[in-house]
Structures are given as C-alpha cells and as structure tokens.
Amino acid sequence: MARNVTPARKATMTAIAWIIGLAIFFPILWTILTSFKTEAEAIASPPSFVLFDWTLENFSIVQERSDYFRHFLNSVIISVGSTVLGLIIAIPAAWSMAFVPTKRTKHVLMWMLSTKMLPPVGVLVPIYLIFRDAGLLDTQAGLVIVLTLINLPIIIWMLYTYFKEIPVEILEAARMDGATLRSEILYVLTPMAVPGIASTLLLNIILAWNEAFWTLNLTAAKAAPLTAFIAAYSSPEGLFYAKLSAASTLAIAPILVMGWFSQRQLVRGLTFGAVK
Amino acid sequence: MPTQHSRVKARLMISPAVLLLLGWMLIPLGLTVYFSLLRYNLLMPGMEQWTGLTNYRYFLTDPAFFDALRNTLVLVVGVLAITVIGGVLLALLLDQPIWGQGIVRVLVIAPFFIMPTVSALVWKNMFMNPVSGLFAHAAKGLGLEPFDFLAHAPLFSIILMVSWQWLPFATLILLTALQSLDSEQLEASEMDGANYVNRFFFIVLPHLARAITVVILIQTIFLLSIFAEILVTTTGGPGTATTNLTFLIYAQSLLHFDVGGGAAGGIIAIILANIVAIFLMRMIGKNLDA
Amino acid sequence: MKIKLSALMGAAAATCLLASAAAAETLTIATVNNGDMIRMQGLTDDFTANNPGIELEWVTLEENILRQRVTTDIATKGGQYDIMTIGTYEVPIWGKQGWLVGLNDLPESYDIDDLLPAIRGGLTVDGELYAAPFYGESSMVMYRTDLMEKAGLEMPEAPTWDFIAQAARAMTDKDNEVYGVCLRGKAGWGENAAFITATSNSFGARWFDENWNPQFDSKAWSDTLNFYLDLMAAAGPPGASSNGFNENLALFQTGKCGMWIDATVAASFVTNPNDSTVHDKVGFALAPDNGLGKRSNWLWAWSLAIPAGSEKIESAKKFIAWATSKDYLALVASKEGWANVPPGTRTSLYENPEYAKVPFAKMTLDSINSADPTNPAVDPVPYVGVQFVAIPEFQGIATAVGQQFSAALAGTVTAEEALANAQSLTVREMTKAGYIN
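Protein chains in written order, with the working numbering: chain V, 1 to 276; chain F, 1 to 290; chain H, 1 to 437.
These are computed hints drawn from the structure, not numbers from a lab.
Worth double-checking, as some hints may not be accurate.
Listed next, the in silico DSS-like pairs over lysine-lysine satisfying Cα-Cα at most 25 Å (straight line) [to be verified]: (1) H/K362 <-> H/K326; (2) H/K219 <-> V/K222; (3) V/K106 <-> F/K140; (4) F/K9 <-> V/K103.
Using the sequences and the hints given, assemble the complete structure.
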C-alpha cells in the first residue's frame with residue numbers, strides 16, 4: 001500500500017515501530033549480552049548494559065561440559081528429517097484433499113488437527129513401552145518418526161490451503177497432455193506451490209527444533225538434541241545466569257539465524273489460507 | 001470434475017497420512033484407555049489390577065481439576081486476546097511506510113524462534129525474579145517496591161511469557177492478510193471522507209476476519225498443551241494457581257508415577273480437546289470455506 | 001513412495017544399530033547438574049586412562065528432569081542408562097523392587113565399611129548396599145558472622161528456633177536488601193516440602209501416624225507452618241515462594257541473607273572466593289530445634305546405582321568404585337583443594353587432619369550424624385526418611401502439599417487453609433493407594 005505520507009508522520013511511525021520492535025526483541029538481546037558477562041556481573045545490581053568486561057569464558061565452559069556440536073547435529077537431523085518425511089507423506093494427502101474433495105474432507109482435516117490436541121504427557125508411558133520394544137529409544141530415527149507424526153496435521157493443513165489456491169484448470173491441462181498423476185504432482189503442482197512448501201518446511205523445522213517434551217523424554221545420550229543440552233543448565237547449584245545465557249544463546253542461535261535469513265519465504269507462505 | 005479413477009487415486013494418496021495419524025492416535029489411545037482402567041503405578045510393578053472407573057472418579061473429583069480447567073481456559077483466552085489485539089495493532093504499524101521496515105520485522109518475529117524452555121528460563125530468572133531480575137532493578141531505580149510476578153500474579157506472568165512467544169506468529173499472518181487488502185478500496189473510502197477509525201472497523205477488520213480465525217485456530221491447538229513454561233517457572237503453583245490440564249496430567253503421570261490416573265486424565269483431556277475442536281470447526285466453517 | 005519410505009526408515013534404523021554395535025563398552029551415565037558431578041566429569045581422564053576398554057557418555061540433567069527420566073526408564077526397563085544418579089529417596093523403594101544391582105561385592109580396596117553409617121544405612125535394603133554415595137548432605141545453619149556481630153548476638157553451636165527467629169529479625173535491613181533468613185519456598189517435594197518436613201520434625205509433627213493416617217490437622221503442624229510463615233514475613237526476602245536451593249544460594253552469595261538454613265554442601269559454595277562475595281564471613285551451626293529431641297536437619301546422598309538387567313555391570317561397578325573411592329577424594333583434593341572434595345560419605349575423610357582444617361567439615365559431619373532416617377519424628381512413624389517418606393506415592397503427594405505451603409507463603413491462602421487442603425489431598429491419595437480406607 002504505497003500511500004503518500006508526510007515525512008513527519010513517517011518519522012513518528014518509524015520511532016514507534018522501532019521502540020516496539022526493540023522492546024519485543026529485548027529479552028533475546030539481554031540473554032545474548034548476559035552470555036558475555038561473568039556470573040558475578042550477570043546478577044550485579046544495578047545491571048550493566050555493555051560497559052562490562054566482555055568474556056567468552058561461559059561459552060568455553062559450556063562447550064567443555066557438553067558437546068554442543070553433537071546436540072546441534074541431532075537437532076538438525078531430527079528437525080529436518082521429520083519435516084522432509086512429513087512433506088513426503090503430506091503432499092499427496094494435501095493434493096487429494098484439495099483437488100478431489102469429498103463431503104468428508106473438512107472433517108478429516110479437523111480430525112487430523114484434533115490429534116494435535118492430545119496431551120503428550122498422557123501417552124508417554126505407552127509410547128515409551130512401544131519405543132523400548134522397537135529399539136527406538138534414544139535414536140534419531142525414533143524422534144524423526146514421533147515429530148513427523150506430531151507435526152503432520154499442521155503440514156497437511158498448510159499445504160492444503162496453498163493447493164486450494166492453485167487453479168484446477170492448470171492441473172487438468174497437464175492431465176490432458178497425458179501427464180501421469182506422479183508427474184502431475186512432481187512437475188506441475190510442486191513447482192507452483194514452491195513458496196507454500198518452503199514456508200511449510202521452515203515453520204515445521206522451527207516447531208520441531210523447539211519441541212521439548214518428546215525430544216527430552218525419548219532420548220538419553222546418543223540422539224539428544226539441544227533441548228536436552230539446555231536441561232543441563234536450567235537450575236544448577238551456584239550462580240548460573242551467565243552460563244544459562246550462553247547455553248541458551250547457543251541453542252537458539254541456529255534457528256534464529258535461519259529464521260531471519262528465510263523470513264521472506266516464511267512470511268510469504270504463512271497464511272494458512274487466510275489470504276485470498 | 002474428478003473422475004472415478006482419480007477418486008480412487010486420491011484415496012490412495014491420502015491413505016498413508018490418514019493411516020499413520022490413525023495409528024498414532026489409536027495405538028496410544030487404546031493403551032491409554034486400557035491403562036486408565038487399571039491401578040497401575042510405575043513404581044509398583046506387578047501390582048496392576050483392574051479398578052474400573054476409579055481413576056476417572058479420582059481425577060474428576062480432584063479439587064485441582066476444576067482449577068485446572070479454569071486456568072486452561074484463562075490461559076488460552078488470555079493469550080489469544082493479547083496476541084490477536086496486539087497482532088492487529090502491530091500489523092497495522094508495520095504496514096505503514098517506515099524506515100528500516102525489514103529490520104523491525106526481523107526484531108518482531110524473533111521470539112517465535114525461541115524454545116519455550118529457554119524463553120521461560122530467561123523470563124523467570126533474568127526478568128521476573130524479584131531480587132536480581134531486570135524488572136526488580138527497574139522498579140528499584142524508580143524507587144518502587146519490586147513486584148513478585150510469579151508469586152502474586154502467576155497466571156498473568158505465564159500469559160505474558162506465552163503471549164510474547166506467539167505475538168510474532170499472529171502479527172505475521174495478520175500482516176500478510178493486511179498487505180493483500182485492496183488499496184483502491186481504502187483510497188475510495190478515504191475520498192468518501194471515512195476517518196481512520198471507520199475505515200478500520202468497516203474495511204480493515206472485516207478483511208482480517210479470516211486471518212484472525214486462522215490465528216485463533218492454530219494458537220488454540222498449541223496453547224491447550226502449554227507445559228514447558230509452567231514446569232520451568234511455577235511448577236503449577238503457588239497452590240494450583242497455574243496448574244492447567246496438561247500440567248495436572250503431568251503431575252499424575254510423572255510425579256505420582258500413577259500411570260492409571262495419568263491415563264484417565266489424558267482421556268478426559270482428549271474428550272475436552274475434541275469438544276473444543278468441534279466448537280472451532282463450527283467457527284471455521286463459517287469463516288473459512290475449507 | 002511407500003517403498004522409499006520404509007527403505008529410508010530401515011536405513012536409519014540400521015545405522016543406529018551399527019553405531020551402537022561398534023562402540024564396545026560405552027557406559028551411559030545419567031547425572032544431575034550439581035557442581036560436584038560436573039567436577040567429576042572433568043576428572044574422568046583418570047578413570048579412562050586406567051580402563052582403556054571403557055568409554056563414558058554423560059547425560060547431565062536438571063534434578064527434576066533427571067528423576068523423571070531415570071524413573072520412567074528403570075520402571076519400564078528401558079535400558080537407556082548403565083549408571084544412574086539417584087538419592088536416598090529412590091534407593092529403598094527401588095532396592096526393594098529388585099531394580100538395582102547389589103554393591104556389597106565391591107573390591108576390598110573400596111573399603112565399604114568406611115562409608116558413614118547414617119549414609120550407608122539410607123542406601124541399604126536388607127543388608128545389601130544398592131547405591132554408592134557420591135556425596136552426602138544434611139542441613140545446617142549458615143550465617144553471616146559480620147551481620148550477627150552487628151546485631152549484637154552470638155550464634156550458639158546448636159541454636160533453637162526461638163534464637164533463629166530473634167536473630168533473623170535483628171539482622172534484617174530491608175532498605176539495604178539484607179534479609180535475616182532465607183528459606184526454601186519453591187514448591188516441590190525436594191524443595192520446600194523437604195525443608196518444612198525436616199522443620200516439622202523438630203516441632204513434634206509427623207506426616208503419618210502408625211496407621212498411615214495423615215497428620216496435617218495436628219497442632220504440631222499448625223505450629224510449624226505458622227512459625228515458618230511468620231518468620232518469612234518478618235525477615236524473609238521478597239519472592240520467597242519461588243526460591244529453592246539455587247535461588248537462595250545466589251542470594252546468600254551476593255550478601256543478601258543473614259542466615260540460610262539449607263544443605264551442608266552449600267558450605268563449599270558460600271565459602272568459595274570465586275563465587276561468593278561473603279566467603280570470609282560465613283559461620284556454621286547445627287540446624288535449629290525446639291528442645292523436643294529432634295533437630296530440623298535432613299539426610300540425603302546423591303548416589304550412583306546400576307539398574308538390574310544392565311549388560312555392562314562389571315564396567316559400571318569399576319566406574320562406581322572409582323568415582324566414590326577414597327582415591328577420588330584425594331584426586332579432587334590434589335587438583336582443587338580439600339574444600340571442594342565431595343563431602344559426607346566417608347569416615348576416613350573426616351579423620352583426615354587436612355580435611356579437618358576446612359571450616360565446615362566438623363559441622364557437616366555432626367549434622368549428618370544427628371539425622372536418623374529410621375526414627376525421624378518425635379512420635380513413632382511407620383516410614384523411613386527424614387525430609388521425605390520413602391513410599392512411591394510421596395513425590396506426588398509432597399509436591400501437591402508443597403504447592404499449598406508455597407501458596408501460603410505467597411499469601412494466596414492462609415496457613416489453616418493450606419493445612420486443610422494438604423490434609424484432604426493426602427487423605428485422598430493415601431486412600432486411593434490403599435494405605436487407608
């Protein structure tokens with residue numbers, strides 16, 4: 001909406017927007033700043049903003065105590081793996097709901113969403129027993145499966161809303177030209193839905209990265225992602241604000257950076273059919 | 001028009017997803033129903049016995065249960081109100097021509113990327129702590145008595161933390177919706193002499209209705225199972241002031257290690273969630289021709 | 001598509017299997033993120049150098065998450081951990097279930113008889129030691145000698161609660177953010193419920209009578225809770241209802257508490273010049289009493305145990321023998337000084353003249369020795385445990401009871417309401433569990 005505004009108005013709006021933006025971002029900034037302080041400075045009163053002795057000590061302590069890289073790698077494998085697997089299952093499902101809808105489509109969709117409402121803690125013991133018997137405890141594969149299932153409804157729903165916006169005529173034209181269903185989906189539908197798929201992918205990586213119940217309860221050492229890494233710093237004996245901040249910074253940095261770089265893609269598709 | 005042939009294919013293509021979710025739902029659900037009828041404490045193996053509906057009776061008559069229902073409702077509605085209203089305002093602001101729009105947008109969406117556990121730890125320790133938190137420092141700086149957030153306004157504090165995390169999500173969806181608003185329509189109304197408030201209520205808000213519905217739907221799904229924030233900050237207290245349904249089931253399952261009781265709670269939560277789902281579906285049905 | 005999918009999952013599963021088969025003897029150790037454990041992780045080279053076939057994999061978790069993880073795992077026989085760090089609450093229950101490997105056959109050099117009797121007793125079921133203590137603790141009073149002097153008082157070696165109440169009020173200077181006493185208020189069975197339960201022992205209260213009837217409706221409990229609430233209102237820090245061990249430690253280390261009654265292990269933190277601004281002004285005294293014959297100190301030992309059914313029992317025993325040995329204590333002493341040695345497990349440590357120079361050594365030993373888990377209350381009780389009741393239901397009940405105490409401290413309910421709620425919820429749970437009808 002390019003409207004003509006006076007510079008004064010633009011300046012006011014800019015000031016307000018920046019103040020609010022910085023206020024919202026402030027807790028994260030503060031965490032990052034604290035991670036460079038010593039423990040004593042981290043709880044000092046009054047707190048110092050930037051005029052303190054910057055130190056990398058906390059990061060080296062955290063790295064020495066817990067293998068950051070392994071947790072990071074597990075987080076990447078689990079979140080990307082579950083998202084990709086989810087997309088592979090969801091794309092055909094969303095296709096069929098968007099282009100061959102039946103009376104029940106809407107109900108199926110709502111039912112799928114409602115499976116997300118089931119409180120995970122209520123089914124922990126059954127799942128733990130199943131995982132134990134299947135040898136899936138503390139494996140990346142196990143977590144990929146669980147997180148795929150957890151996020152599948154959201155993936156299907158997001159894709160469904162994008163697919164709905166694609167004119168059926170284009171797919172029909174492709175079919176007229178003799179395209180098989182497989183190539184229709186792979187070569188016609190998917191390229192057209194790339195923005196939507198990209199956005200779904202990003203959103204689900206974020207959700208999977210931050211999932212803290214299953215990732216914590218189904219892992220021990222080998223497959224533990226960053227959520228478990230954080231659990232080692234949450235309330236140890238002694239002063240811990242600075243170390244906690246360093247661990248937090250390390251845990252959120254990758255997803256924050258990814259989110260910022262891809263925010264255009266994320267935003268473009270993040271409509272859930274809300275925009276016509 | 002879909003042919004008979006394509007219908008069959010469509011069934012085939014949707015079936016993996018449906019079967020997987022059905023399995024994901026039914027197998028744990030079946031086991032949970034079974035466990036909920038047993039006296040089954042994880043710490044006392046070999047003592048499992050059939051108890052019929054005892055677990056349900058205890059869960060439903062637990063005084064904490066009604067507190068939990070109320071808290072769940074307050075939490076969901078509170079967060080929804082803050083994020084939707086705040087989101088609309090923020091979206092309107094970010095839609096204005098401003099300098100550095102991209103950077104402001106990056107700042108605003110950042111909380112959405114933060115792990116709930118991390119966000120709760122940071123808020124609790126570094127902001128809301130009444131002795132060494134930043135809010136306490138600020139209050140002392142202004143000569144005020146520091147406010148003990150988690151003791152005296154526990155549920156509000158949790159709502160605040162959760163809203164901080166979900167505000168970006170609401171803002172983003174609403175902003176995208178806002179940007180799709182036909183500017184000619186706005187300009188026309190401007191010509192007609194409609195003021196800003198009128199334009200907002202008669203053109204902008206109706207346009208955002210769908211987006212708001214979507215925000216409510218998605219957030220409700222996640223907000224019903226808020227857990228990490230409560231565990232890290234208040235562990236459901238003081239008293240039962242911040243115990244929501246999910247946390248109550250957690251307490252049954254992993255503090256009492258009462259699998260039977262936890263399972264019964266889980267089943268009750270699933271039933272309630274489905275009632276909410278039906279309600280939401282009605283709402284969506286009106287607003288979203290899915 | 002389906003073929004691809006199953007192939008993918010198959011491949012993933014196969015990779016995992018291969019990975020676990022390749023590493024010969026990797027011990028997965030679940031542990032709590034306390035300072036002494038973290039220090040041990042840094043010193044394990046000493047172990048692995050002498051035991052080349054064994055590799056160590058650490059899972060360090062915050063206490064509550066650790067407990068939730070290891071309990072789920074051992075109860076379902078999940079087999080995720082080869083060594084678990086557990087406390088004196090779990091050992092009697094798990095030992096009785098046959099979930100743990102007995103440790104009576106540790107090598108002679110381990111000198112099992114050197115373990116402090118109170119601690120050893122808490123980890124033994126029917127004569128079999130089921131967990132080796134890594135560090136033991138009781139609770140005691142830590143106080144600021146400078147503030148005590150300023151208040152014109154002198155701390156006796158064995159103070160009464162009346163003295164503590166008087167001193168706390170005298171030391172409080174809210175304008176300068178000095179609070180007379182810091183006590184646990186954060187809800188949790190290992191947090192405020194532990195502290196208040198231990199305190200209640202000295203007021204003549206008990207959790208259950210001989211027939212497992214909950215006793216929160218007794219006068220002794222009402223006295224305990226009212227005393228605690230009055231003291232905290234007059235001399236406690238703001239936000240006390242969210243303060244646990246860590247929060248209070250931070251307060252004490254930054255000079256904001258006059259007295260702090262908590263775990264004896266805290267002594268090495270508050271006297272550590274690197275972390276504590278008051279390290280040279282701390283005195284110690286026994287936990288207070290009311291002259292009824294029981295003091296208000298507890299007994300706890302973080303201990304290492306091996307789940308029954310583990311395939312790596314021999315290696316695990318080797319590690320446990322190393323981590324809880326006399327040699328390990330000497331190793332820590334040589335690297336970090338005697339003050340940082342894990343305390344409270346071995347008689348020989350307290351007989352060591354070097355260790356006797358540590359300011360809190362004697363008080364820690366006296367505190368541990370004055371705790372009696374088998375006979376914790378003034379009146380007879382049917383349970384074992386000083387600040388806990390060693391029955392499986394206790395964690396859940398005491399967490400809920402702790403919530404009530406915490407609410408009373410926050411001022412949302414009165415002491416009477418909190419006790420009435422505690423009584424009714426405990427009766428409910430005990431009825432459900434079948435202890436009472």
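Structure-based check of each hint:
The hinted pair formed by H/K362 and H/K326 meets the criterion: a straight-line CA distance of about 18 Å does not exceed 25 Å. A distance of roughly 52 Å separates the Cα atoms of H/K219 and V/K222; the hinted pair therefore is violated under the 25 Å criterion. At most 25 Å may separate the alpha-carbon atoms for a hinted pair to count; V/K106 and F/K140 exceed this at roughly 55 Å. A hinted pair counts as satisfied when its Cα atoms are at most 25 Å apart, and F/K9 with V/K103 qualifies at roughly 17 Å.
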